[in-house]
Amino acid sequence: MQCGFCARELPEKLPETACGACPGGCRKIHCPWCGYANPAPPKLLKKILNKNIDSEENTQ
Amino acid sequence: MSDQRVGDNSGGLPQILLVGNPNVGKSVLFNALTGTYTTVSNYPGTSVEVSRGTCEIDGRRFEVLDTPGMYALMPITEEERVAREILLDETAHLVLHVVDARNLERMLPMTLQLVEAGLPVALVVNILDEAERIGMQINLELLQEKLGIPVIGTAIARKRGVKELRSVIADYVDKRTACFGYAADLERDIEKVVATLEGEYRIKPRAVALLLLQKDEDLLRIVQESEGDRFGHIMATLNEVTFARRSDLHLRINLERKRVCRGLLQGVISEEQGRRPPFAERLSAWTMNPVSGGALLLIVLYFGFYKFVGGFGAGTVVDFLEGTIFEGHLNPWMISHADQYIPWYWLHELLVGEYGILTLAIRYAVALVMPIVGAFFIAFSIIEDTGYFPRLAMLVDRIFKRIGLNGRAVIPLVLGFGCDTMATMVTRTLETVRERILATVLLALAIPCSAQLGVILGLLAEVPGALLIWSSVLMGVFMLVGLLAARLVPGERPMFYMEIPPLRLPQPRNVLVKTLTRMQWYFFEIFPLFVIASVLLWAGKMTGGLDYLVRGMNPVMRLLGLPPEASAAFIFGFFRRDFGAAGLYDLQSNGLLTAVQLTVAAVTLTLFVPCVAQFLVMRKERGWRVSLGIFTVVTALAFSVGFILNRLLLTSGVLS
Amino acid sequence: MRLPENAEEILEALWIATVEKGDNAAPFDVLKTSADDAALAELVRLSYVEIKGERVYLRQEGRHEAMMTVRRHRLAERLMMDILDIKGRQGDEKACEFEHLLHQGVDTKICTLLNHPETCPHGRPIPPGECCERARHSGEVGVVALTELKAGECGEIAYFSTTDMKKMQKLMSMGVLPGCELLLTRSYPSFIFKVGHSEFAVDDELAREIFIRKS
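Residue numbers (our numbering), protein chains in the order written: chain A, 540 to 599; chain B, 8 to 663; chain C, 12 to 226.
Just so you know, nobody snuck in bad clues.
For lysine to aspartate or glutamate, the following DMTMM-like pairs were computed, each having C-alpha atoms within a straight-line distance of at most 20 Å:
#1 K205/C - E506/B
#2 K567/A - E628/B
#3 K178/C - E506/B
Since the hints were made in silico from the structure, they are not lab data.
Given the sequences, and given the hints that come with them, work out the whole structure.
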């Protein structure tokens, strides 16, 4: 996933621990470069995103 | 040097080191190689983090280390120092130098240095897909031949080239043959220094000599340790050479490396020349021109927010959900059932009464806030996905400097239009304390959050001119408070620098996923709060406390020229900004407000106190003193502006 | 022939008021002078200026001298800031003393040393001298601050003048390093430049610290 502000690739696993501000678990990815708060897609949606990349891979 | 080696608990597995500039996809590559079992730990004695994991190729296991970003073998930052220490301390099976294909020429000098140092290097030319998209063709085989080390082209983010990379790791045999010649005089200098070195080093004497000539302090210490008595002689030779050249050898060596790289890349990179700049690039130039950029911004605001969020989201969709579904069918049905089956007045009130959970909290959340926030997030995600925001930051930098911020403050302010609470948290990424306080004030005061903005846009769209007055008053207050606050809050001047990514065509799937994620997050956030607020209001109504509060607010409402019923909206707004705006929507749809009253109420509610959640975050980020100060100032200012605006509108006769 | 120092100050103020700010003349108080000022009388005697009532007019004969005075002042300012690293009010004060020493070719030498700068630290133009024209004709290229580049011009990053490590690291962490080829695409509202295929934006303050070898 790319950061919505600086377009850099967001690391899949961020070392920082959740700040606890989102009720019901962390749903934000703070970009380590610019600080922009990106929405962290829940598992189901993430699957859709990754499927997209995989299918592109297969067509190449 | 630290005795505690990073790779100590690797169990003697052969090591793969990832090195390269920051932001070339190193960490993505790391994840692609290692999978899930990785650890992150601080490098001994520093705050720099190093990730470590293992991977298995053809039955052989390797340990993979992701080093911090570095630009050259000669360190400047702490990260670079750690990266080099790892490089020099570990005996690697293979060092993968990861570079960005688009900037190959800029990054190749470091490959040279790694090879020079005698390390087992392979070059990973990453982000190849983007390079091809901009018309770059890279002949990797030729480059491999010229460099004498394995060269692999990849686009790791798209999982391209991972297989090839794995087979290179498995098949790697250390040959280390290549040597790059510099200009004759520089070679003679290197010779002189190399001749003085007798100690044992992990890197080749030639590389040590080059670093010494560049006055690398860490290395000087290492040399001093291993050479002992001979160090004096080495220093004398070094000084002699440096003085004889009478020029900056650091610059000289860098220029030589660049020359060598240019030679290496001859015939390797071919770019489509004379191509008209692609449309994206011309559009990008327009967005950064203050005139066309400003016009473009207005167009985006008009269609994206006024038409789509205010018109479609807050108009069409809300009318349908709120008017047809809830008012037309659901509410009457629920109330009639409650009348039938719930004999207790208090429970009846709690569920379907004036402030009932079903009739107020759920209706507000589902029928009013959700469609508006949804529309807003769609527009927001589309704009976000094009890469427009950094351009906005650059455009407003000059204006923001006036109010003590810099272009970077666009990040929290733009996020504030989504939710001020979350944005207040993001202010911590601003560099100076002063900027953080200023941005917090502006967020608390003049930035409406998405639902509030949507409801207000929808309401004001029906009254010609009202939106213009509302937005000019807000802009005015924003600038005025910014100017004043910048004068009052002392601190250093901010500095602006930023990389501007290329414009992209928004990907529908990205937009969809981001919008849905944001909506889900928002819903989880507001739903419990809406229910709690409605229970509190219900309790207030049952005990009579609410009446007391409303009566207390009445004089204030009268000062603003608003009907007494409006005080409820302000009390709602205290719980959440969007809750207050929704209350305003109810007032308007019941026909209780004139054009002037609507405008005044909208302005005051927008400026009015941050909601409870935002206040709590403010307290957490800025402390009690600052946050209480902001709270008081914001409340006072909101009502004074409302009062003045009411008087002005009434005397001038505008809108009436 | 040398003008007295206070006469130079009057000429300088008169140049700024008339040529740069577009007034046709300047009143006494702007020039910090009065009708009985000896220095002013000297300027009148040389027919550099003309007095009508309370206002002083710059004559054609005095234009060159006035221009050179302004030039010397702003060169002195640049010298203080760029080479001697004396900034702020102290720099301004020292420049005011220093400018009167830049006569008889010293200004030319300083100007060449500074690589023929076009603006003073406050952003006002430095009138070009003969040495600047000569350098331009012979196509001399030199190292200039990024702020001196025009949109569309390119060059190689020579060095960063900042002594502030933090600032330098920020530039470097974005991948902007000495030796990189740079193309300036915009200079307003921010400085936008390309290095390789990446685009960067910096404000004036930072742009002033990036020095470019023009190509």
